[in-house]
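Residue numbers (this note's numbering), protein chains in the order written: chain A, 1 to 412; chain B, 1 to 335; chain C, 1 to 293.
Be careful, since some hints might not be right.
[Stated by the list, open to error] For each label pair, taking beta carbons as the anchor points, the in silico distance ranges come out as:
{"id": "1", "chain 1": "C", "residue 1": "Val276", "chain 2": "A", "residue 2": "Thr205", "range": "34 to 44 angstroms"}
{"id": "2", "chain 1": "B", "residue 1": "Pro111", "chain 2": "C", "residue 2": "Leu259", "range": "19 to 29 angstroms"}
{"id": "3", "chain 1": "C", "residue 1": "Thr8", "chain 2": "A", "residue 2": "Lys256", "range": "51 to 61 angstroms"}
{"id": "4", "chain 1": "B", "residue 1": "Pro176", "chain 2": "A", "residue 2": "Lys209", "range": "28 to 38 angstroms"}
{"id": "5", "chain 1": "A", "residue 1": "Leu105", "chain 2": "C", "residue 2": "Ser3", "range": "52 to 62 angstroms"}
{"id": "6", "chain 1": "B", "residue 1": "Val107", "chain 2": "A", "residue 2": "Lys193", "range": "52 to 62 angstroms"}
{"id": "7", "chain 1": "B", "residue 1": "Pro176", "chain 2": "A", "residue 2": "Ala342", "range": "54 to 64 angstroms"}
{"id": "8", "chain 1": "B", "residue 1": "Pro111", "chain 2": "C", "residue 2": "Ser3", "range": "35 to 45 angstroms"}
{"id": "9", "chain 1": "A", "residue 1": "Leu229", "chain 2": "B", "residue 2": "Pro111", "range": "52 to 62 angstroms"}
{"id": "10", "chain 1": "A", "residue 1": "Leu229", "chain 2": "B", "residue 2": "Val107", "range": "53 to 63 angstroms"}
{"id": "11", "chain 1": "B", "residue 1": "Val107", "chain 2": "C", "residue 2": "Val276", "range": "55 to 65 angstroms"}
{"id": "12", "chain 1": "C", "residue 1": "Thr55", "chain 2": "A", "residue 2": "Lys193", "range": "35 to 45 angstroms"}
{"id": "13", "chain 1": "B", "residue 1": "Trp186", "chain 2": "A", "residue 2": "Leu105", "range": "31 to 41 angstroms"}
{"id": "14", "chain 1": "B", "residue 1": "Asp163", "chain 2": "A", "residue 2": "Lys392", "range": "33 to 43 angstroms"}
No lab work stands behind these hints: they were computed from the structure.
Don't be surprised by glycine CBs; every beta carbon is placed ideally from N, CA and C.
Spelled out, the chains give:
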Amino acid sequence: MNRRVGAVVVGALLLAGCGGGGPQSSGDSKLSGDRIVLGVLNDQSGVYLALSGTNSVKAVQMAIADFKAKHGGDAITDDITVETADHQNKPDVANTKAAEMYDRLGVDAILDVPTSSAALKVADVAKEKKKLYFNISGATTDLTGKSCNRYTFHYAYDTYMLANGTGKTVTEQGAKNWYIVYPNYAFGQDMEKSFSTAVTGAGGTIVGKDATPFPNDNFSTFLLKAPTLNPKPDVLGTMQAGGDLVNLVKQYNEFKLREKGVGLSVGLMFLTDIHSLTPAALAGTTYTDAWYWNFDAENRAFADRFLKETGSRPTFAHAANYSAALQYLEAVQAAGTDDADAVVKQLEGKSINDVFLRNGKIRAEDHRVIHDAYLAQVKPAAEVTEDWDYVKILKTIPADSAFRTPSADCKL
Amino acid sequence: MSVATKSPSLVRAAARAPRRLRWALLVIGLAIALWLPNGLYPAVAVDMLCWALFAVAVDLLLGYTGLLSFGHAAFWGTSAYATGLVAIHLGVPFPVAVLSGALVAAVLAVPIGYLAVRRTGIYFAMVTLAFAQMIYYIANNRRGLTGGENGLQSVPRELFGLDLTDAYYFYYAALPVVLLGLWAAWRIVNSPFGRVLVGIRDNPARARALGYPVHRYKLLAFVLSAFIAGLGGGLFAMAHRFVTLDTLHWTTSGKAVVMVVLGGIGTLWGGVLGAGLLVRLEDWLSFSGFEAVGLVTGGLFVVVVLVFRRGLWGTAAELLRRRSGLRRVRGGEQG
Amino acid sequence: MSSFLQHTFDGLVSGAFLALLALGLAVIFGMLRVVNFAHGAFYMLGAVGTYLLLTEFGVPFWWALLIVPVVLGALGMGVERAFVHRLARLDPLYNFLLTFGLTLVLQDLVKLRYGTQSSPYATPSALDATVDFGLFDFPAYRVFVLAFAVVACVAVWWLLGHTRVGMVVRAATEHPELSRALGIDVGRWVTPVFGFGIALAGVAGVLAAPMRAVNPLMGADLVIVVFAVVVIGGLGSIFGSVAAGFGIGLVQAWGESYLDRWPIVAQTSVFVIMAVVLLWRPAGLFGREEAPA
């Protein structure tokens, strides 16, 4: 017994002595590990599952297939794989998983990562490991502001784009008086500020704004207050997301605010939210969308393929994941290497048009990927003739004015 | 009645276990601790260290004082934030930041503990849970200080100019702090103070009759436990170099309780074992493509509560005790 | 004035949910000395069940209001026999832990099958209107919820006061030592009472379906507030838990509307009140001090 214990101890000590971890450098092939590995790190078990989740992995696989089909024998490699992990919306899990993906699984670029706190952390990891990160579902403008870095790109949307698109456009279209309710956490507070600026900038007035507890299942206090404000608001602007949004919309209908002349505008909404709330509950609601599947024939063709793969229509997050994966692969192809610095050089300043990016451009100053955005309105139930085709696009917001100008806080 | 009435026999069993065996266990434990980041992904190994401290802190209260705290995330998380803020604003070496974080947690534990120890058993669990939730809401609101939902980002990790960016090296830098915390917990349990706690747990009326200020003893145990949980939380902040609201959420408290029950209530080292296992399990599950992490951990937990109440360590100790007891009987026959 | 009445009414509606949940928790605790952590999960099952009945079987709200509590009550009895009962002789903390584990399992089972998106559920058409009270108007469904909850609480109170089961439960809840000494057979009522408490959580869940987001986590944070409510009311007191439920609902609604600059006040008020109550009357407002468990 004793001898066995001794052997274990000696063995363990030896291992401790010569294990010598530390980062390992790759060989001198043009591709690290002679292959390209993409990593999709997102919520595969929580509230963001439907809007991105496992279906984004499928979208990335579609991008790989399209890349291979386009380049055939000339592709830089045939060995392109996807690794994926569930970060459960926990930033600490995201942190560990991201590091593990880069170090152990040989991932060259991480995609997606919903929840701002997790996205900010993964950006940090990318900077430290000098590997690429394309954020899709994180909303915070800090990613292209004070927390920006050379290896992180922000795709799809951010709080400024959402607030500016809806706040400015809806005000310009005649709804001058706004009552804003926002959840009392970072996302909500950012959204409220951007919204208020956009509304007043377009000549509107904020007649009231209230922070709501988060999470919250009872919004009646604010809904009771809305029609009593003076002057009476034309629009209730809600920055709620996920389950809170569902609560608010249900109760908005219960209190008959639309009948009382208070319209509804939502800060952030995904196609899957409309699907689960039913378009009837949201009819007439306006919001800013980064992409819509039934906008034109090209989008629709992509959406048809996606439907075949997954059984549902793509949200903008799915399309953005596809686009980010595709553009990354194209950049590697063009650079002839997956060396992160070389790929960054390829991407910076590049103008792109693909199924997701319309008039797209990867800004070199802050790595914000800009593109056209859309003001969308949920159709009345009578006009919904096809599953998932729930909104009409009221206005295309051109890429140049959809996003904020590069922030002075960002030093790449 | 108490959750850990079984444990005095375990303590005695451990005391009766041959001295040689105890040293062997200690050496094996240390060897595993030294080897760990070579066998596992280092960041996962660091997580194990932090959670081990947290679990031991919860067991200190549950196993040795009979108080189930379902709100220890309040201390783990508060210390994480305090550690992060100290490191960001003062730039001190990381062990100093972690210690100051743990101190802040201990200070917070005084008013919460003062109110909570007025109730025992199930009430205590509910009250601590409620207070922790309150701290969570406050942290969420004080965005200027905590970064709110975005979290406290870019916490520096510094030790006399050494580069600890790599989790592999940080593991070895953090290990002494963890061993110190575990040693402190062991000392507390095996001190006269610890024995009074067990006495209070098993028979509060008798302890009171003997003249012990029961509330004050419990409060002190609560504060000490919060301090050790704070050490873990501070290290966790350093390990991830950021702090988020999750560290304060009640599910975090629940996770520590699961670890303790898995390892064995009232065994102290069981918590370390439970932490290691649960962290490994969750790491594995998140890459497995299986979506229901809670189903696995919750199901495992239910099974342990129903049929393995001694937990892993407790069951192993019991088996050992039976074997050595048997051997002694046989030895007696031969002699 | 009219807005004050409106906010008061609104507070009573959210209080109704807290009261129904606290009542179930108190009844179970009284009989079994078990604090059911899974109470929030059963509330969630009530709402999800209502949604399922509609989408899978086309069963409307009114039938769900009858069927779901019965089914959940049966499920509760099953849980009591299969799990809770086995730990009855041990420290009640073990059952607290057990129900915590069950919560994780139940939440994930629903999540696996139906995802985490919130499911839609329309207000029953008969109540999709507003009621005009002269000074103010209010959604008819909410008026119904409040009335239903009050009737349910009164009915439970009557049951406890005027039936044999009720006397046993009341005796076991409010004078546990005495009832045992008098030889009242508490044992045979344990399982049905547990089921009954779960059924009450189910009722709250059904009522929540048309006005709140139905998702696997809807009960997770709520149960903590309910814990604070029963600590305030006094765990051993059935009246206390109902009164505290409505009271906390009112405090939260008033806090939200009149201290709207500080949303934190409404959110943490229940915990602050709990702290004050613990200092002033550790056994709760309506609870009796008993020997520490």
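Hints, one by one, checked against the model:
1. C:Val276 - A:Thr205: 34 to 44 angstroms: holds (41 angstroms)
2. B:Pro111 - C:Leu259: 19 to 29 angstroms: holds (23 angstroms)
3. C:Thr8 - A:Lys256: 51 to 61 angstroms: violated (20 angstroms)
4. B:Pro176 - A:Lys209: 28 to 38 angstroms: violated (51 angstroms)
5. A:Leu105 - C:Ser3: 52 to 62 angstroms: holds (58 angstroms)
6. B:Val107 - A:Lys193: 52 to 62 angstroms: Roughly 34 angstroms apart at Cβ, these two residues miss the hinted range, so it is violated.
7. B:Pro176 - A:Ala342: 54 to 64 angstroms: violated (42 angstroms)
8. B:Pro111 - C:Ser3: 35 to 45 angstroms: Holds: the Cβ-Cβ distance is about 37 angstroms, inside 35 to 45 angstroms.
9. A:Leu229 - B:Pro111: 52 to 62 angstroms: Violated - the Cβ-Cβ distance for Leu229 (chain A) and Pro111 (chain B), about 40 angstroms, lies outside 52 to 62 angstroms.
10. A:Leu229 - B:Val107: 53 to 63 angstroms: violated (44 angstroms)
11. B:Val107 - C:Val276: 55 to 65 angstroms: violated (21 angstroms)
12. C:Thr55 - A:Lys193: 35 to 45 angstroms: holds (40 angstroms)
13. B:Trp186 - A:Leu105: 31 to 41 angstroms: holds (38 angstroms)
14. B:Asp163 - A:Lys392: 33 to 43 angstroms: Given range 33 to 43 angstroms: violated, Cβ gap about 56 angstroms.
Against the hints set out earlier in the document, violations occur for numbers 3, 4, 6, 7, 9, 10, 11, 14.
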